[in-house]
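**Q** The whole structure should be built from the sequences, with the hints applied where relevant.
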Amino acid sequence: MSEAPLIELEGITKTFGEGAAAFQALKGVDLTIERGDFVAIMGPSGSGKSTTMNILGCLDVPTGGRFRFRGIEVQDLSRDQRSLLRRRYLGFVFQGFNLLARTSAVENVELPLLYRGESKKLRREAAERSLDLVGLLPWADHTPAELSGGQQQRVAIARALVTDPDVLLADEPTGNLDTERSLEIMELLTDLNKTGITILMVTHEEEMAQYARTIVHFRDGLVERVDRGLKAGAPSVSPATSHTTSSSVGSA
Amino acid sequence: MLGMIGATMLLALREIRRHLLRSFLTTLGIIIGVAAVITMVTLGQGLTADVQEEVSGLGSDVFIIFPQRSDPNIPAPAFDDADIRAVEMQIPGVMGAAGAVSTNTTAFHNGQDWATSVDGADSEFFAAQSIDIAEGRGFSDTEESRGESVCIIGPKVVEEIFVADRVIGEDMRVGNVSCQVIGVIEERSNSVGGGDANDVVFMPLKTVQRRFIGNPDNVQYFVVQYDPTYSSATIQQQLIGLLRERRVIQDGEGNNFNIVDTAEISETLNNITGTMTAVVTMIAGISLLVGGIGIMNIMLVSVTERTREIGIRLAIGALAREVRLQFLTEAVVLCCFGGLIGILLALGFSILLASVAELPFIFDPTVNILSFVFSAVMGIVFGYYPAHRASRLDPIDALRHE
Chain G
1 MSEAPLIELE
11 GITKTFGEGA
21 AAFQALKGVD
31 LTIERGDFVA
41 IMGPSGSGKS
51 TTMNILGCLD
61 VPTGGRFRFR
71 GIEVQDLSRD
81 QRSLLRRRYL
91 GFVFQGFNLL
101 ARTSAVENVE
111 LPLLYRGESK
121 KLRREAAERS
131 LDLVGLLPWA
141 DHTPAELSGG
151 QQQRVAIARA
161 LVTDPDVLLA
171 DEPTGNLDTE
181 RSLEIMELLT
191 DLNKTGITIL
201 MVTHEEEMAQ
211 YARTIVHFRD
221 GLVERVDRGL
231 KAGAPSVSPA
241 TSHTTSSSVG
251 SA
Chain D
1 MLGMIGATML
11 LALREIRRHL
21 LRSFLTTLGI
31 IIGVAAVITM
41 VTLGQGLTAD
51 VQEEVSGLGS
61 DVFIIFPQRS
71 DPNIPAPAFD
81 DADIRAVEMQ
91 IPGVMGAAGA
101 VSTNTTAFHN
111 GQDWATSVDG
121 ADSEFFAAQS
131 IDIAEGRGFS
141 DTEESRGESV
151 CIIGPKVVEE
161 IFVADRVIGE
171 DMRVGNVSCQ
181 VIGVIEERSN
191 SVGGGDANDV
201 VFMPLKTVQR
211 RFIGNPDNVQ
221 YFVVQYDPTY
231 SSATIQQQLI
241 GLLRERRVIQ
251 DGEGNNFNIV
261 DTAEISETLN
271 NITGTMTAVV
281 TMIAGISLLV
291 GGIGIMNIML
301 VSVTERTREI
311 GIRLAIGALA
321 REVRLQFLTE
331 AVVLCCFGGL
341 IGILLALGFS
351 ILLASVAELP
361 FIFDPTVNIL
371 SFVFSAVMGI
381 VFGYYPAHRA
391 SRLDPIDALR
401 HE
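Protein chains in written order, with this note's numbering: chain G, 1 to 252; chain D, 1 to 402.
Do not rely on the hints blindly, as some may be mistaken.
Here chain G is said to cover these stretches of chain D; the calculated rule only asks that three of the stretch's residues, wherever they fall, bring their Cβ under 8 Å from a Cβ of chain G [claimed, not checked]:
#, region
1, 236-248
2, 305-315
3, 393-402
Residues of chain G clear of chain D, computed beta-carbon distances all greater than 10 Å [as the list claims (entries may be wrong)]:
#, residue
4, Asp60
5, Ser83
6, Gly117
Computed from the model, here is a short list of chain G residues facing chain D with C-beta under 7 Å [unchecked claim]:
#, residue
7, Gly64
8, Val74
9, Ser78
10, Asp80
11, Arg86
12, Tyr89
13, Leu100
14, Ser104
15, Tyr115
16, Lys194
17, Ile197
Simulated from the structure, these hints should not be mistaken for lab results.
Think of the CB as a built atom: it goes at the ideal place given N, C-alpha and C, for glycine as much as any other residue.
**A** Right, dumping it as structure tokens:
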């Protein structure tokens, strides 16, 4: 199990619509992500990075190709089976935070555990631990409306972490934040990555991508370039091209 | 799963509280429907009980027979003792028959006077009409056969002219006849002639026939008590046949008498109440249907409003059926609240209307429980489609929803 890569994409295609209106968002993506990596997915809008993220997050299925996650062939799974996969192994952080309004921070963090059928006591303990990890325990009883954007994103991260996931998927996590808050969030993600969580992040900001160990560049529905072995948590480093290696399963 | 339901329950309550006015307006259809059904059923049962009590005052398993003109120009002859004996002897299933006469009079006692009626009736009549003696005794055979001047009086007469405590053994005057009071009857709800059944002086049939009517033989009407194991319809047919023969009615002529069947009266009244209840229940059913559609509508609105929330729940791993359960629970809780408010409203209305209409208030747990269960079922029926729609949302689209 530990021998196989955590995530393997093989010839992934994704077509939206049918007939003349059909649009091919992904044209055959090959990508391998190892356990414990910190991956930034970059590319101009329309390049297919969000579609890839949705497939990696088991929210969507590819039209063609194979997606293996922990050796499981995800493209063959039903909707509910993918839900169970998300519940078990994945945590999500969104650009728009996506917290439940009028619901306290701690209750938001508890939510994934509810679907795991954990007891109320255990849910509360785990949620508080998770909030403590992102430094928001004193704000546990506040609703999202009473929190700043940065704090809301921390709550969202706490929610993603509360189930102790293998992978944290972050879709433009700093897109709605100012620079200072963004850097704080990135520091937090870097710290989390050091504890062993694999992080997949979509971003269009070069500065944020600098925190990643691997940067995947998308263009026109294909992986254009994969930069591996970057030094994570070093925002001052300029775009590293010296470490560029051709992807083990290069673009088709 | 149990914790899941508890949590969804809390969530549903919170959602309802968040939109208190909207929730109330949504459930109004159910509230009105439930309140209407329960109120009408409760009042209907009160009415039935009331009617039953009135009819039971006429005696049960009893026919009451009186002369009635079939042709307005020809008077209907009265019945006499021979008719009564013939009915008793010749019709199988008849346990007894007793005639009665009645006339208006004035009763005097101790300087008080009171306009009332004097009824001639023997103990057989008392038995058939379920008239019980509250105090003192009934007529003896000797008193009946000799037509003695003894009387049994109704509570109303006691109240009007007996000021002193003593009633039994006192002498009183009824019209021109003085008599001794030997008994007082139990309070009654109804009499054959209508009017107050408690405002009456009973004397033996023979006494009244001789001294008030002046005809020792005729009765104004008679009651026939029959064995309830016999068919009342058969007995009625035989009664009609016998009486037509005795009264020499030709074929093709109408009966110059009328037979009242107390069982028939109560049945007719029950049918009327039943029909009334059915009609109101149908109207209430329509109201419930409209209410249910209201629930469905607001649940669809709620699903649209909360698309993003649904997206979040799906993304973090909620199963389709868990999302469905959440919205279904909300609809059911909403409907249960409607049912509960409806039941409370009905309770208030029933008590109020029963007292206004002078009907007994009878609380029927069955109809209340059924209404509540029905409300919950409405929640499931009309909440299912919106809940299903919520569960089928695509998480990606739902998360993008503004």
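**Q** Now tell me if each hint is right for this structure.
**A** Status of each hint after checking the structure:
{"no.": "1", "hint": "236-248", "result": "violated (count 0)"}
{"no.": "2", "hint": "305-315", "result": "holds (count 7)"}
{"no.": "3", "hint": "393-402", "result": "holds (count 3)"}
{"no.": "4", "hint": "Asp60", "result": "violated, 6 Å"}
{"no.": "5", "hint": "Ser83", "result": "violated, 5 Å"}
{"no.": "6", "hint": "Gly117", "result": "violated, 6 Å"}
{"no.": "7", "hint": "Gly64", "result": "violated, 18 Å"}
{"no.": "8", "hint": "Val74", "result": "violated, 14 Å"}
{"no.": "9", "hint": "Ser78", "result": "violated, 10 Å"}
{"no.": "10", "hint": "Asp80", "result": "holds, 5 Å"}
{"no.": "11", "hint": "Arg86", "result": "holds, 4 Å"}
{"no.": "12", "hint": "Tyr89", "result": "violated, 9 Å"}
{"no.": "13", "hint": "Leu100", "result": "holds, 6 Å"}
{"no.": "14", "hint": "Ser104", "result": "violated, 11 Å"}
{"no.": "15", "hint": "Tyr115", "result": "holds, 5 Å"}
{"no.": "16", "hint": "Lys194", "result": "violated, 24 Å"}
{"no.": "17", "hint": "Ile197", "result": "violated, 16 Å"}
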